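Asker: One letter stands for each residue in the lines below.
There are 2 protein chains.
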Amino acid sequence: MADNVMVDYEILKSFCVEVYRKCGITPEDAELAAAVLTSADLRGIASHGVARLRRYVNGLKTGLMLPDAESRILRETGSTLVVDAAGGMGAPISVRTMAQIIDKAETNGAAFGCVCNSNHFGIAGFYAQMAAENDMIGIAMTNTAALGVPTFGRHVMFGTNPLAFCAPAGEEKSFLLDMSTTVVSRGKIEVYAACGKALPHNWAVDRSGRSATDAGKILDDMFHRYGGGILPLGGEGELFGGYKGYGLAVMVDILCAVLCGAPFGPDICDTEFSSARVSHFFGAIKIDSFRSPGEFRKDMDKMLRQLRDSEPADGCERVYVAGQKEYENEERNRRCGVPLALTTYDNLLSIAAEYQLAPMPILNI
Amino acid sequence: MADNVMVDYEILKSFCVEVYRKCGITPEDAELAAAVLTSADLRGIASHGVARLRRYVNGLKTGLMLPDAESRILRETGSTLVVDAAGGMGAPISVRTMAQIIDKAETNGAAFGCVCNSNHFGIAGFYAQMAAENDMIGIAMTNTAALGVPTFGRHVMFGTNPLAFCAPAGEEKSFLLDMSTTVVSRGKIEVYAACGKALPHNWAVDRSGRSATDAGKILDDMFHRYGGGILPLGGEGELFGGYKGYGLAVMVDILCAVLCGAPFGPDICDTEFSSARVSHFFGAIKIDSFRSPGEFRKDMDKMLRQLRDSEPADGCERVYVAGQKEYENEERNRRCGVPLALTTYDNLLSIAAEYQLAPMPILNI
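Chains as they are written, first to last, in the numbering used here: chain A, 7 to 371; chain B, 7 to 371.
Keep in mind that a hint or two might mislead.
Remember, identical chains collapse to one label, so a pair may be satisfied in a single copy or spanning two.
To be verified - Think about it this way: if two alpha-carbon atoms lie no more than 20 Å apart in a straight line, the pair counts; the simulated EDC-like pairs of lysine to aspartate or glutamate are: (1) Lys203 with Asp226; (2) Lys331 with Glu244; (3) Lys203 with Glu244; (4) Lys67 with Glu196; (5) Lys203 with Asp227; (6) Lys179 with Asp307; (7) Lys223 with Asp320; (8) Lys304 with Asp273; (9) Lys308 with Asp273; (10) Lys194 with Asp226; (11) Lys19 with Asp320; (12) Lys223 with Glu301; (13) Lys194 with Glu244.
These are calculated hints, taken from the structure and not from any lab test. Nothing here was measured: the structure is a model prediction, and the numbers come from that model.
Chain A on its own, in the form it takes in the complex (with noise of 0.2 Å):
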């Protein structure tokens, strides 16, 4: 990997959080919101990590992210919660809600929350994965501005609405399903984009939407919202089940937007500078309420082995299960350092110009 450079875990965290504290956002919020986008790079999911703080930092700057917004509760009963994160930023507010909903849970037996007026939250199986070590079955999920196409539609309707589900196991590392409900997310078209590679077909619909693979006009196209944008998971139409992947995108809208009356669909929009408003959805599911913790911690790690045992295809080396592959990178990076892009590193060391930083040192390997 010849772009990358490579950094210390503790010290991109470390930098993040005080790149945070200048923007005005206070000591316990910044741990927050540093651990959980510099845990998406931990994990190679670099799309959500430090990637995107010189979006995080100008959303804090033009107020589109406000640093000291109050968040209150909206509406509370013994296991849901309907929080107003007041346009604060995401991470903070979505660890505070996913911990109360985890106590709820902890009584109750399951609890769900949603937050509204809420920004980019980072990496979803963050939230689930709460739960989960507190044995509970944990979800979570959010809606982003609106860049996916239903079946059979030439206009962006939903976001790329991820949904995280995570389940503990007692010896093996925990399933951590994190997905977006769209074949890909912008992410992966930007990367074609600046590398000028036809995108697939079954990724992206044009304005006349159809499949189309020219990923620097679908950007622009999806942006000005002049029609096209991305595929819902199973591609168009319908003979790969392309309603499928429509459906889970809408049913994330339903439970993160239209449950606590936020917008939703269209009505969401980035900025060029920022992302949107968007609002979440959390749930934890107390396994102790249908079966000793250890006894389906035991069956978990069955499940999982039987999965990652099983023969592979022709030419493929390994059948992986959900959260495997991001778990191997965490352990690797954490030792290793966190891999970054260099346009990555160069933002960093702008934002660290800007702040007056110390640069973060680059590791030798």
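We have chain A already, so just place chain B on it with the hints.
Answerer: Structure of chain B alone, referenced to chain A:
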């Protein structure tokens, strides 16, 4: 549709009630089982309707489904329920369990339950919809005999594992997503095999784990577990997100089976005569805990209309929302009669003869 005959819906349902009663099912359960089974035909989901009656009858005859099973509650809290179906029919115990979960959610805000040691429960959407009729969001899932191959794998390791999600609207019909988490269900492969038609690539793999098109061979290899099976939603490899469908299928297996200690993955096998014992997961989330149900329904109307009214792609007529096609089928089939494939009708005739029941009249149209 020259290969179809039309029958009256009420007569079809009564016929099923009578057949079930002849098989030793109690009047109440026979009504529930017939309602769920024929609702599939009504909605145009023929694969899950009376085309399966012969398999149900065989299951009841051979003892794989027990007509007089005494289900019992294994664990219960204010918000959760684990039920042992004791090998009885899937539909009646599922209707009763969902009704109990709805009651619990009414008091508690949200409730979930598993049913283990059960049989084929028909269409998952039926149960999710029960919650929506009570101002709740409804969830229903089931595992099935292993037919799905993990990403990069070659052996069946999970079922077609459908999930259903239903959210009520106001003037519009409920949003009702009901989808298998594999690209297609086995029924579709059987249709291709019956016509000797080649499968599209990205539906299934052969013994080597690579995309294959010979429907008959795949069905045989899958049944005998020689290798090969149906691909997860998103298709082969990772390019189109196949790991997402794979993850969703495993998620369904965790919620249905691992959560209540039931068999999962490749341990679930169909026999030649009937379907495997399976387990289900149900959930209900009370909307009023988050927001006034009236306002929720109004926003659902807005969302569904926006989607439905969005401009179709070139060459496409309409953009649908989840459940819409099935509602339109239901409206028409209630009025004009339910279409049955000739082979299905013949099957019903032979069941009628076996139990000395009057054959169902064909509608003249």
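Asker: Please go over all the hints and tell whether each is borne out by the structure.
Answerer: We went through each hint and held it up to the structure:
Taking identical chains as interchangeable, the C-alpha atoms of Lys203 and Asp226 lie at most 20 Å apart only when both belong to the same chain, with a minimum of 16 Å there against 41 Å between chains. With identical chains, the CA atoms of Lys331 and Glu244 are at most 20 Å apart between copies only, with a shortest distance of 13 Å across copies and 30 Å within one. Taking the closest pair of Cα atoms, Lys203 and Glu244 come within 20 Å of each other only across two copies (18 Å); inside a single copy the shortest separation is 26 Å, beyond that limit. Neither within a single protomer nor between protomers do Lys67 and Glu196 lie at most 20 Å apart by alpha-carbon distance, with minima of 25 Å and 59 Å respectively.
In this assembly of identical chains, the alpha carbons of Lys203 and Asp227 lie at most 20 Å apart only when taken from the same copy (17 Å versus 39 Å across copies). Within a single copy, Lys179 and Asp307 get their C-alpha atoms as close as 8 Å, which meets the 20 Å cut-off; across copies the closest is 42 Å, which misses it. Taking identical chains as interchangeable, the C-alpha atoms of Lys223 and Asp320 lie at most 20 Å apart only when they sit on different chains, with a minimum of 18 Å there against 37 Å within one chain. Within a single copy, Lys304 and Asp273 get their C-alpha atoms only as close as 45 Å, which misses the 20 Å cut-off; across copies the closest is 16 Å, which meets it.
In this assembly of identical chains, the alpha carbons of Lys308 and Asp273 lie at most 20 Å apart only when taken from different copies (12 Å versus 44 Å within one copy). In the homo-oligomer, the alpha carbons of Lys194 and Asp226 lie at most 20 Å apart inside one protomer (15 Å), although the nearest pairing across protomers, at 38 Å, exceeds that limit. In the homo-oligomer, the alpha carbons of Lys19 and Asp320 never lie at most 20 Å apart, since the shortest distance is 41 Å inside one protomer and 48 Å across protomers. Taking the closest pair of Cα atoms, Lys223 and Glu301 never come within 20 Å of each other, the shortest separation being 52 Å inside a single copy and 39 Å across copies.
For a Cα distance limit of 20 Å, the shortest separation of Lys194 from Glu244 across copies, 13 Å, qualifies, whereas the shortest one inside one copy, 23 Å, does not.
Checked against the numbered hints above, the structure violates hints 4, 11, 12; every other hint is satisfied.
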